[in-house]
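Line by line, the protein sequences are chains A and B. No gaps in the numbering here: position 65 of the first sequence is 65 in the working numbering, and each next residue is one more. Offset between the second sequence (1-based) and the working numbering: plus 1000.
Note that these hints are calculated values from the structure, not bench results. Note that the structure is predicted; figures quoted are calculated from it, not measured. Glycine included, each C-beta is placed from N, C-alpha and C at the ideal position. Incorrect hints may appear among the rest.
Listed next, the in silico BS3-like pairs over lysine-lysine satisfying Cα-Cα at most 27 Å (straight line) [unchecked claim]:
(1) B:Lys1428 <-> A:Lys369
(2) B:Lys1074 <-> A:Lys43
(3) B:Lys1355 <-> B:Lys1263
These stretches of chain A come out as covered by chain B in the derived footprint (C-beta under 8 Å, 3 or more residues) [what the hints assert, rightly or not]:
(4) 207-217
(5) 344-351
(6) 369-382
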Amino acid sequence: MGGLLQQAELPGANIPWLEALREKGRRAFAAQGMPTAKTEAWKYTRPRDLQTDDFVIRTTDNDKKCCGEAGHCSCEKQEEQSLPFECYEICFENGCLQHNHLHLPRGVTVMPLMEAITENDEIKAYLGKSVDIEHYPFAALNTAYLAGGLFIRIAGNTKLDKPLAVLNRTHSCHENLFCNLRNIIVLESGAEAELIESFTYDGAEKSRYFNNIVNEIYIGRKASLRHCKFQNEAFKAVHVSLSQVKVREGGNYESFCLQRGANLARNETKVLLTEEQARAEVNAAYIMNGWATIDTTTDIEHLSPQTYSDQLVRGIVGGNAKGVFQGKIHIAPEAVKTEGTQQHKALLLTDTAEVDCKPELEIFADDVKCSHGAASGELDEEQLFYLRSRGIGEDEARQILIDAYLEDVFARIRSEKIKDWLVSLSG
Amino acid sequence: MSVENKKPEIIDESGDKYKYGFVTDIAADTVPKGLNEDIIRLISAKKDEPEWLLEWRLQAFRFWQKMEEPSWAKLSYDKIDYRNLHYYSAPKQKNAPKSLDEVDPELLKTYEKLGIPLKEQEALAGVVAVDAVFDSVSVATTYRAKLAEKGIIFCSISEAVKEHPGLVQQYLGSVVPYTDNFFACLNSAVFTDGSFVYIPKGVRCPMELSTYFRINAENTGQFERTLIVADDDGYVSYLEGCTAPQRDENQLHAAIVEIVILKNAEVKYSTVQNWYPGDKDGKGGVYNFVTKRAACRGENAKISWTQVETGSAVTWKYPSCILQGDNSVGEFYSVAITNNRQQADTGTKMIHIGKNTNSKIISKGISAGFSNQTYRGLVKISPGAVNARNYSQCDSLLIGDACGSHTVPYIENRNKTARLEHEATTSKISDEQLFYCLQRGIGGEEAVSLIVNGFCKEVMQHLPLEFAIEAAKLINISLEGSVG
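Looking at chain B on its own, in the form it has when it is part of the complex (with noise of 0.2 Å):
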């Protein structure tokens, strides 16, 4: 992604802000803490969403109301209190930096890593009124109109309630029901907006998408929430996030991930999360929640998830792929790091019920400093599931020696013909490779780059190109202090 296409975005929100009255916060911040039926009422009313939306809303937060936070797996952070948080808030300009000289040095060291213009790192710290020199709103719209003339739709999911109610309607809670899981459940009350894509029959996106471009992209919220329908024959590739790391006040984000799959059709879908970790104790940083699935419901769908996961204090993201659709396609691509003290588990699950289903799994977890990471994967094969095939392989790397690595794979094989492969391995990097580098002139810390982009490269090389590149810098990035 060019550099210069992330700007539009921050001008187009003000903009679009005017347009839908965001701008009138001093409402919404009256918006007290804590949640119930009248602050979710007030959150649709807000939106002007339609009787149907808010009534499931108010069926998902009753529903939330009987359920219990989930302890099982391998984190520890301080319990949420649900009831002291907002749930609608106002763009956080109050205590947005003013210029950058406001912005922590360590942040403005690390865009400058990865190569970010000055005017941009403004855009990511959240510097208010960014100048309007970079107005290339063109950017935006011209894509828009590129992408409309094709007949797919790319917007922000209350746009798409407003003018696509029928899709909306139709696919909305159909991968994730809000009875799936507790942090699904708490979004689906309470989700403030999120991007809306649907390829039509037969049409190939001409581009990637990403939510840099969607209007409004910033400001989704701590609970986001996306749909992405590909109908029979369509494709599409989608960009999740930023290498850059981003300024965030909200503590927690429990996001939800639909995407709906039919026949013949593929999604490719990229995510590379680097929100705030906390500082090197473990203070502060982002609680991460996520619920991501894809339902390949027609024959040769395909799914592909691809993730760099280097960001949060707590991960805990699982994207999941339900093989339905006859000799459809699972992937699951994924690099995890952790550093200092923080905590991910993560992984993927499986679900193969139609014939000659197939799955394939990469995923490479690198531990250092005091973080502590779980792989924590299902691969399930119903009656069904004639000839399905899994491979699985989990890495791990240690980097120091009072980091965690773990691996709890799941594997459950009810049909005789199914092929179900998993291999795992721990170790450290071995003495031997680091002093093939060293003999050769390549620093310590920069030959431990080299062996970890070498490890990563199964994954990374699923990325699109431009993101690959950056996520390779993430990476030498998120690593590093961590050696000697």
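Here chain A stands alone, though its shape is the one from the complex (with noise of 0.2 Å):
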């Protein structure tokens, strides 16, 4: 445990309240430590078996030995893989922000994170103000090393016309890289935009390493973020990331989720409504092979009166791999009129494949309408008979079939050129 809490030169060391709540971060991770067997919240995701006395946390000194002085990697790097639809593209390797010039619309705001720290007392009220870090110990220790990110600001009522999309890639050359990023996205009144973050790897398929994401999203009133993923990272390394989501009034939330690398991956999505007709769709598929674990969590707290969430997952899980799902929504006593809906389907591939699935409800208010359904099996073989009968080989039959299980999720993402790219990362 004492692997991961380690001396780390930090920029912004001279900032008084910065320090402070780095410190604050140490403390909670400290008194939380690693999950455990009896940490509820990991029951089925285990990293206490990871081996963590290895990990380097990035710092500014092997920046310059892992990014080079013009801030770009140093080793071998395959293609440059842009997206293949037009978008606003920032990059992070390494978790380094490459500085290529964006020509953002007017009301757009990305800069790194250190920058807003330094320049823009705003962030302040955005910063670390809606992440409960005594009980989430992976955000406590992105807390304790605060430094890289971005900070993203949509003004009230600016419609971003193209999709803003960060990608973070990790290269081999930098062995058993632990490394930090907080995001702040704050959406303005009226404000819309899409977000695409992408997490990927270059190099070795065995490389390790230890990704550790916090998002910090404030969805203002009647404003909507549609926010995408895709975790594909190498086979060794660990990847956690929690978004940490408050809707206000009117404010919309959409997400989707696709996951499919890591060797223990886990995506948390905490989305609070906290005002009247705020509404959250959070959707996620992972399709899995190997000794992968791979964790879909998500926590919707309905505080308000008409607030409205669903939620749809679809897992396949192949070779020794482990998918978990463990999903919530709770309706705090004065959320009346609400709507919440949860579904969880998974495909066992392989007889050594396992799902973990913990679909909870928890409800203070009578009047409510909440449903959630969770299932597992195996492809069925009458489906699989009717396509071989028709002359369709039994593996392209088993693919279309997984393809067709995997289809209502993914119907869910309104960008048809979005869709399209995931579908076809699926694949």
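Starting from the two chains in their separate frames, assemble the complex, guided by the hints.
Right, dumping it as structure tokens:
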């Protein structure tokens, strides 16, 4: 455990409030430690098995070593992978921001988190304000190393014309890298935006590193954010991400996350619907093989009347992999006339695959409509037979059925371009 | 169950007490508060138990001392001071009312609504010296004789320890070992009495067995222990509890029910639990921490749990099924109603180990007033449980805006051929349904009970007939005052 709490030279050490915040994070993590078998929130995903002694924290020093003076990685890189559609691209390589020039429309601010901290007092209103580090050990850890990340703000009534894409790439040149990123995303009243996050790697498939991401997302009145994420980390990587979202009156948060990589990955989404008519849709898909554990955890808190949430999660689990879904709908006593639905389905492809699922409802108000459903099983033999009898080969038939299984969750992505891109990555 | 049948045990009990020297309760009363090895030795000595049982109790106690009280359930209650309890309490005759006049009129009203005859009311309320006119010892003895004819053993567990030590030693603690959980461990150390049932090979028990018929059914104390064994091809339907609210002064009840089901055998276990739930402000009331588990050890074994939970201030109960034998079947049907300040954290566990095992969970929760209720369940498919099948449905109904209803299912699948389905819904009684009833001249309260009974029907139909009728009445009573 001590392996993750290291002495690191972080920028902004002369800013007292920032140092105080980091210290709070350090204390909170030291108090909680790594989640153990008895930590209910981590019942099925076991970061406790992690060998944590040899992770190397990313500091300004090894930045230079890895990213070079020009801010580019010195190791051999694969072809730059841009998204197949137009967007505002921001790249992080090994957790450090690449300075490419973005021509952002008026009202859109994107700046490195450190810059926001030193130059912009506004950040204090957001940074660390929504994350409960006393109960999220990895968020506490992330707070202890606060430095990297972005501050994104979409001003009131601004509609972003193209998606904003944050591409995170890790290169194998730097072994056992431990990288903490914190993104603050603020949509002011009436703003609209699409955000894409992607996590990929270059180099050896078996690279080992640890990405610990915390997003704090604030959605103003009648604002809307569509958040898409693609996670395909290297085989031995660890990916832990927490998106903490606060939605105000009439605001809308839609998210979709496709996970397929990493040895241990957890994508946690916590949404607070704090005012009336707030809405959240949290969808996810995971496709896995090998020995991976992929965890999708959601926690939607309905805190005001007439709030609405919907969750749909599909999983395909093969090899010796383990799929985990923990979903929670919480309805506060005053949150009447709310609706919350949740559905999780998983397909097991092999005898050694495992799916663990804990769909939870916590309801303190009576005038609500809530439901959840969970199912798991293997491919339907009859459907397979139907396709086989029409001359389709076994492998192809299976693929058709798997694709069909994921179809309804992909159908929820509103943007056609993004949907096509993610479908192409799921095959 | 016919009303007349309930009488005998009171009479018998006093006879029994005498027989076993229980009446020398001056001695019993002198057992001091607290829990230590000496107290356990004393309990064991009073019950004249064999050495192995004492040793087992002591082992459990030593283990219990190292355990921590679980806190994961969504329950909040004052911490129990285990050192401040009487672990061997004499029959509570001292504080018992002398006549029905001294009994809480609220309780009497309830009895009336359930249609319980006067004399029986006295018995239930714990009135001393029930009229001897109701001496129907014969009823109980006739039943016993009839059962003995078939080779069925049905007696108290203390009796069984003496008369059938082999069977008890073989099965006691084999389904719920004392290491299982905090309350089970405590029970293993200090259990006072309970029932023992053995169904021999190929025997179908001709009648529904109930704690009512068993001699010494009362005063089994707060640490009851039930052991049921159904040998190959056997069948038994066992009823526990009573629809009438029972007067009880024990705050803590930590019971254990163990069921062993062998090849082709079937056990049906029905419970109606209506312990004192405390008053409107949540004062008093029973803490009901029960461990119930059935092991389907043989092929085609079947267990069916049906429970109607309306009582207790705090309920912590998860009747479970271990489906070990191939083709074995586990069922769980539950209605839980909480009103006022009651809290219930209940559900089931289905552990699929054998091939083609099948389980079904139907849980209906109704919360009213300021109560809180949680369904907590586990469905676990082991890698070897080929073609296992589970269907779970957990519906909750909320009445009033101050209550809570929670669902926490755990579903773990490690076999691809298994098919698991889980569904849960939470809602209130729809205005449309209510309007429909009101429009046809059915009053508000009546309409609610009609709708609630419809909501629970799927479970109620699994109760034995007489039980079901009483349970339906009970539901209405439990919800009284919860509507406008």
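The hints, checked one at a time:
no.	hint	in the structure
1	B:Lys1428 <-> A:Lys369	8 Å, holds
2	B:Lys1074 <-> A:Lys43	17 Å, holds
3	B:Lys1355 <-> B:Lys1263	14 Å, holds
4	207-217	violated (count 0)
5	344-351	holds (count 5)
6	369-382	holds (count 10)
The structure does not agree with numbered hint 4 stated previously, though it agrees with all others.
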